[in-house]
Amino acid sequence: MIKFSDLWKLFAPEEPPFPNARVAESEDIPALGKRLGEVWLGRPGVGKTVALARCMVDHLISHPEEAMVSVDANQNFTDAFMKIVLSLPREVRDSLIKRMIYDELGHPEWVLTLPEFHESYEVPFEKQVQRASQNLEVINPELIAETPVMGGISVKQYGREIFRLICAIKNEYGGTWQITEAKQLLTDRKLLAWALKNYGGHAGSAKWFLENKYIHLKADEQDKRVMGLISVLDDIEAPEIRPRLGYHRPSYTMPDIVNDGRILLINGHRVNDQERTLAYLIIQVKSLLMNEISKRLPNNPADQPVTLLLDEVPAIVDLAGMAKELSRFSTYFRSRLFQPVIVAQELTQFSKELRPHIWGYANVICFSMLNFDDRVEIAQQLFPYIPNTVKASAKTASSQDIYEPDRGQYLQIANKILSLKHRECIVRRQNSEADPEKHILWVKRTKDAPMNASDKEVQDLKDELLAKYGERVDEVTASINRRINEARKIENTGVPSLSG
Amino acid sequence: MVKASNPHREKIVFSASDNRHNDLSTELRFWEFMDVAHWASKRQIQIGVRGFEEKRYTTLERFLNRNERNKKLRVAWRRHSKYGTVKVYAKPQTTRNFNLENYEGLYHGYCCTECLIRFLVSKEGKPYPQRAFRGYGRIPEFAIKYENGKILLVEFSTNHDTEYSGKLRGKIFGYADCLPQIEKDFGAEAIVVFILEVEREEVKRKVERFVGANGSDASLFANGGSPRTPFFFTDYKTFLDVPLGRALQEPIYIYKDGKEYPLSDD
Numbered sequence: 014m015i016k017f018s019d020l021w022k023l024f025a026p027e028e029p030p031f032p033n034a035r036v037a038e039s040e041d042i043p044a045l046g047k048r049l050g051e052v053w054l055g056r057p058g059v060g061k062t063v064a065l066a067r068c069m070v071d072h073l074i075s076h077p078e079e080a081m082v083s084v085d086a087n088q089n090f091t092d093a094f095m096k097i098v099l100s101l102p103r104e105v106r107d108s109l110i111k112r113m114i115y116d117e118l119g120h121p122e123w124v125l126t127l128p129e130f131h132e133s134y135e136v137p138f139e140k141q142v143q144r145a146s147q148n149l150e151v152i153n154p155e156l157i158a159e160t161p162v163m164g165g166i167s168v169k170q171y172g173r174e175i176f177r178l179i180c181a182i183k184n185e186y187g188g189t190w191q192i193t194e195a196k197q198l199l200t201d202r203k204l205l206a207w208a209l210k211n212y213g214g215h216a217g218s219a220k221w222f223l224e225n226k227y228i229h230l231k232a233d234e235q236d237k238r239v240m241g242l243i244s245v246l247d248d249i250e251a252p253e254i255r256p257r258l259g260y261h262r263p264s265y266t267m268p269d270i271v272n273d274g275r276i277l278l279i280n281g282h283r284v285n286d287q288e289r290t291l292a293y294l295i296i297q298v299k300s301l302l303m304n305e306i307s308k309r310l311p312n313n314p315a316d317q318p319v320t321l322l323l324d325e326v327p328a329i330v331d332l333a334g335m336a337k338e339l340s341r342f343s344t345y346f347r348s349r350l351f352q353p354v355i356v357a358q359e360l361t362q363f364s365k366e367l368r369p370h371i372w373g374y375a376n377v378i379c380f381s382m383l384n385f386d387d388r389v390e391i392a393q394q395l396f397p398y399i400p401n402t403v404k405a406s407a408k409t410a411s412s413q414d415i416y417e418p419d420r421g422q423y424l425q426i427a428n429k430i431l432s433l434k435h436r437e438c439i440v441r442r443q444n445s446e447a448d449p450e451k452h453i454l455w456v457k458r459t460k461d462a463p464m465n466a467s468d469k470e471v472q473d474l475k476d477e478l479l480a481k482y483g484e485r486v487d488e489v490t491a492s493i494n495r496r497i498n499e500a501r502k503i504e505n506t507g508v509p510s511l512s513g
Numbered sequence: 016m017v018k019a020s021n022p023h024r025e026k027i028v029f030s031a032s033d034n035r036h037n038d039l040s041t042e043l044r045f046w047e048f049m050d051v052a053h054w055a056s057k058r059q060i061q062i063g064v065r066g067f068e069e070k071r072y073t074t075l076e077r078f079l080n081r082n083e084r085n086k087k088l089r090v091a092w093r094r095h096s097k098y099g100t101v102k103v104y105a106k107p108q109t110t111r112n113f114n115l116e117n118y119e120g121l122y123h124g125y126c127c128t129e130c131l132i133r134f135l136v137s138k139e140g141k142p143y144p145q146r147a148f149r150g151y152g153r154i155p156e157f158a159i160k161y162e163n164g165k166i167l168l169v170e171f172s173t174n175h176d177t178e179y180s181g182k183l184r185g186k187i188f189g190y191a192d193c194l195p196q197i198e199k200d201f202g203a204e205a206i207v208v209f210i211l212e213v214e215r216e217e218v219k220r221k222v223e224r225f226v227g228a229n230g231s232d233a234s235l236f237a238n239g240g241s242p243r244t245p246f247f248f249t250d251y252k253t254f255l256d257v258p259l260g261r262a263l264q265e266p267i268y269i270y271k272d273g274k275e276y277p278l279s280d281d
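Listed in order, the protein sequences are those of chains W and X. In short: position in the first sequence from 1, add 13, done, that's the working numbering. In short: position in the second sequence from 1, add 15, done, that's the working numbering.
Keep in mind that the hints were calculated from the coordinates and are not lab data. All figures in this text were calculated on a predicted structure; none of them were measured in a lab. We put the CB at the ideal spot given by N, CA and C, even for glycine. Be a bit skeptical, because a hint or two may be false.
To be verified - List time: in silico BS3-like cross-link candidates among lysine-lysine, alpha-carbon distance up to 25 Å:
| id | chain 1 | residue 1 | chain 2 | residue 2 |
| --- | --- | --- | --- | --- |
| 1 | W | Lys111 | W | Lys457 |
| 2 | X | Lys199 | X | Lys252 |
| 3 | X | Lys160 | W | Lys231 |
| 4 | W | Lys237 | X | Lys160 |
| 5 | W | Lys220 | X | Lys160 |
| 6 | X | Lys106 | W | Lys237 |
| 7 | X | Lys160 | W | Lys210 |
| 8 | X | Lys102 | X | Lys57 |
| 9 | W | Lys203 | X | Lys160 |
| 10 | W | Lys460 | W | Lys481 |
| 11 | W | Lys434 | W | Lys469 |
| 12 | X | Lys141 | W | Lys226 |
| 13 | X | Lys199 | W | Lys196 |
| 14 | W | Lys183 | W | Lys169 |
| 15 | W | Lys231 | X | Lys141 |
| 16 | W | Lys183 | W | Lys196 |
| 17 | W | Lys226 | X | Lys186 |
| 18 | W | Lys111 | W | Lys481 |
| 19 | X | Lys57 | X | Lys70 |
| 20 | X | Lys70 | X | Lys199 |
| 21 | W | Lys203 | X | Lys141 |
| 22 | X | Lys186 | X | Lys199 |
| 23 | X | Lys160 | W | Lys226 |
| 24 | W | Lys408 | W | Lys434 |
| 25 | W | Lys231 | W | Lys196 |
| 26 | X | Lys160 | X | Lys186 |
| 27 | X | Lys57 | W | Lys203 |
| 28 | X | Lys271 | W | Lys203 |
| 29 | X | Lys219 | X | Lys271 |
| 30 | X | Lys219 | X | Lys252 |
| 31 | X | Lys102 | W | Lys203 |
| 32 | W | Lys469 | W | Lys457 |
| 33 | X | Lys219 | X | Lys186 |
| 34 | W | Lys237 | X | Lys199 |
| 35 | X | Lys182 | W | Lys231 |
| 36 | X | Lys199 | W | Lys220 |
| 37 | W | Lys210 | X | Lys102 |
What the hints assert, rightly or not - Pairwise CB distance ranges (calculated):
| id | chain 1 | residue 1 | chain 2 | residue 2 | range |
| --- | --- | --- | --- | --- | --- |
| 38 | W | Thr200 | X | Arg44 | 34 to 42 Å |
| 39 | W | Asp247 | X | Pro107 | 45 to 53 Å |
| 40 | W | Lys210 | X | Thr100 | 28 to 36 Å |
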């Protein structure tokens with residue numbers, strides 16, 4: 014005999030397996046809710062990257078004035094994004110491609126240059142100097158903390174002064190020397206004397222400091238003073254970084270990206286085994302973007318939202334300085350329409366300092382996770398404790414129900430998170446800044462994304478974008494080398510003298 | 016000890032008086048000078064330590080005699096000089112294994128000291144002895160480092176060395192190689208002066224040949240990443256003709272462009 018309950022199961026809408034949850038059609042976060050940050054969690058192979066790419070593509074199509082900067086350490090998100098874009102109808106596809114800039118770190122042939130100092134960043138040079146110096150501090154926290162004199166003062170004080178001098182050395186087109194010349198200036202006393210003599214007037218603080226506190230020291234004393242700084246500057250001598258940082262002109266600037274609603278895809282898969290190189294490049298991009306965001310006035314209606322997406326970049330989230338930055342993203346910059354998106358495979362990818370702050374991100378999309386502790390923590394963070402959850406009903410009228418304690422509830426939810434299928438996820442989301450979703454959303458299957466494009470089409474698009482915005486590596490390297498040699502030639506053309 | 020009623024009393028450096036502090040500091044200056052000098056006569060020692068000379072200076076003479084007896088100074092006789100036979104002094108450490116019958120060597124050392132005192136009197140600086148440059152490939156006769164971060168390296172070549180032995184070419188190319196390291200280690204921009212005991216015209220010919228733009232070896236010094244060539248040349252006679260105190264300031268030094276320049280404007 015067919016029971017009503019069996020019929021109900023056939024035709025009734027599916028109920029979510031999680032308490033305090035409801036069924037949702039898709040994992041999309043409303044545009045107004047994105048401003049409080051997003052965290053995407055899931056073990057490899059559950060479909061989170063494709064789902065995220067699809068969400069971002071749809072969002073960017075419907076918001077053509079918004080900009081996005083994505084940093085991808087292993088190429089997954091970038092490929093998925095491009096594949097989806099190439100699979101769209103022609104008009105939509107072309108309008109998106111027109112907005113796209115593709116930056117592949119460490120490409121052997123093409124480089125998208127991004128020097129530390131340039132006037133087109135529309136930020137005062139002093140701020141650029143501070144930014145460059147702070148980036149070095151963030152990447153080398155042990156050096157600063159454990160050797161405050163040899164390392165800390167060297168990087169902070171001598172670094173800033175030499176960067177100020179570098180910004181003052183300009184060619185006839187307004188392009189300045191770059192951070193790649195810092196080591197040359199520190200080790201070549203004659204070059205430094207030439208720079209101070211000819212350009213020190215534009216950097217008074219640097220001129221005074223270097224002339225009084227550095228240039229007259231003996232060689233071994235000089236080495237001690239700048240040992241820490243030279244050691245951190247060694248990181249930018251890597252062939253993947255030097256052309257990018259040393260060229261006199263940037264291939265793109267954050268003001269252009271933010272104001273024009275561009276889509277910047279940064280692919281770090283070629284350098285993802287070089288931790289320090291990857292960390293420096295990503296921190297540089299992040300700091301440039303933060304410089305641009307910081308210029309905004311709070312709650313300015315004319316500003317458009319900007320998304321920063323960090324896809325599985327443990328090299329950067331591990332850094333102590335980055336933990337503080339990432340924690341400030343969603344709160345400090347909410348009023349400036351800055352939308353951070355962080356993707357991780359497990360919670361242990363976040364440092365201990367960062368972990369509590371991750372849950373401050375309002376939107377969490379969680380796929381199946383393997384790590385038990387992670388699942389329990391997710392359960393505790395996303396789901397409320399329901400005190401009247403019955404564990405065992407009373408067997409007699411006079412006895413009482415046994416209620417499930419909190420630990421048991423969360424363990425049950427954690428087990429269910431493990432059993433989430435491919436493309437199945439749970440979502441905590443904000444409908445807007447002031448309106449949180451009352452329930453946890455259960456998405457049985459993420460929205461389908463058109464991915465008809467082939468890998469070859471994706472590669473062709475990458476090559477086309479690289480050639481469009483990039484410079485040839487060998488030409489850039491030759492240009493950088495010429496800069497110092499030209500300076501040495503100018504310095505050497507006069508008749509030497511013992512005076513002066 | 017009776018103090019001399021001498022109009023130059025204030026110039027007396029050595030005095031067997033109670034003013035032992037002066038004696039000590041001057042004695043230190045003496046030994047610093049002798050550390051750098053090669054073979055030095057009394058006249059040269061006076062100029063090197065005091066900046067001027069007097070015909071007789073008995074205090075110095077007694078000091079030199081005492082140190083000669085104590086074997087703290089080595090003594091030789093330089094014969095056939097302009098002044099006749101001249102007694103010259105040197106520290107034993109700087110003249111170890113020196114053959115006192117080597118008149119050529121004595122003459123070379125005497126001339127180097129002459130160059131030293133003329134440069135020292137011309138502009139104040141810190142002198143460096145030969146031994147400070149061991150390991151660089153080229154060893155100047157001496158060097159003087161100035162407060163403005165410049166260092167002067169001096170090479171002296173006798174007539175024989177210049178004309179017959181071909182040492183000059185080796186010196187020039189050697190300095191081109193080792194100068195960057197010297198500049199780095201001493202933290203100063205270097206200038207090298209070659210003082211040659213030949214006719215001035217011969218000096219000009221050698222300059223044209225070795226470092227001039229059209230010289231036979233000029234390609235080695237062509238622009239474009241090549242070694243620096245802050246080399247100046249002069250002949251010894253012209254150098255000696257310059258009044259004391261003007262050695263750096265007189266335009267007697269030939270640069271690679273063939274023109275004559277002073278080494279310093281101040």
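Each hint, compared with the structure:
no.: 1; hint: Lys111(W) with Lys457(W); result: violated, 34 Å
no.: 2; hint: Lys199(X) with Lys252(X); result: violated, 33 Å
no.: 3; hint: Lys160(X) with Lys231(W); result: holds, 12 Å
no.: 4; hint: Lys237(W) with Lys160(X); result: holds, 22 Å
no.: 5; hint: Lys220(W) with Lys160(X); result: holds, 23 Å
no.: 6; hint: Lys106(X) with Lys237(W); result: violated, 36 Å
no.: 7; hint: Lys160(X) with Lys210(W); result: holds, 20 Å
no.: 8; hint: Lys102(X) with Lys57(X); result: holds, 8 Å
no.: 9; hint: Lys203(W) with Lys160(X); result: holds, 15 Å
no.: 10; hint: Lys460(W) with Lys481(W); result: violated, 33 Å
no.: 11; hint: Lys434(W) with Lys469(W); result: violated, 30 Å
no.: 12; hint: Lys141(X) with Lys226(W); result: holds, 21 Å
no.: 13; hint: Lys199(X) with Lys196(W); result: holds, 14 Å
no.: 14; hint: Lys183(W) with Lys169(W); result: holds, 23 Å
no.: 15; hint: Lys231(W) with Lys141(X); result: holds, 14 Å
no.: 16; hint: Lys183(W) with Lys196(W); result: holds, 18 Å
no.: 17; hint: Lys226(W) with Lys186(X); result: violated, 35 Å
no.: 18; hint: Lys111(W) with Lys481(W); result: holds, 11 Å
no.: 19; hint: Lys57(X) with Lys70(X); result: holds, 10 Å
no.: 20; hint: Lys70(X) with Lys199(X); result: violated, 43 Å
no.: 21; hint: Lys203(W) with Lys141(X); result: holds, 20 Å
no.: 22; hint: Lys186(X) with Lys199(X); result: holds, 19 Å
no.: 23; hint: Lys160(X) with Lys226(W); result: holds, 19 Å
no.: 24; hint: Lys408(W) with Lys434(W); result: violated, 36 Å
no.: 25; hint: Lys231(W) with Lys196(W); result: holds, 17 Å
no.: 26; hint: Lys160(X) with Lys186(X); result: holds, 20 Å
no.: 27; hint: Lys57(X) with Lys203(W); result: violated, 39 Å
no.: 28; hint: Lys271(X) with Lys203(W); result: holds, 20 Å
no.: 29; hint: Lys219(X) with Lys271(X); result: holds, 9 Å
no.: 30; hint: Lys219(X) with Lys252(X); result: holds, 14 Å
no.: 31; hint: Lys102(X) with Lys203(W); result: violated, 43 Å
no.: 32; hint: Lys469(W) with Lys457(W); result: violated, 32 Å
no.: 33; hint: Lys219(X) with Lys186(X); result: holds, 17 Å
no.: 34; hint: Lys237(W) with Lys199(X); result: holds, 14 Å
no.: 35; hint: Lys182(X) with Lys231(W); result: violated, 32 Å
no.: 36; hint: Lys199(X) with Lys220(W); result: holds, 21 Å
no.: 37; hint: Lys210(W) with Lys102(X); result: violated, 48 Å
no.: 38; hint: Thr200(W) with Arg44(X): 34 to 42 Å; result: holds, 35 Å
no.: 39; hint: Asp247(W) with Pro107(X): 45 to 53 Å; result: holds, 48 Å
no.: 40; hint: Lys210(W) with Thr100(X): 28 to 36 Å; result: violated, 51 Å
In summary, the numbered hints that this structure violates are 1, 2, 6, 10, 11, 17, 20, 24, 27, 31, 32, 35, 37 and 40.
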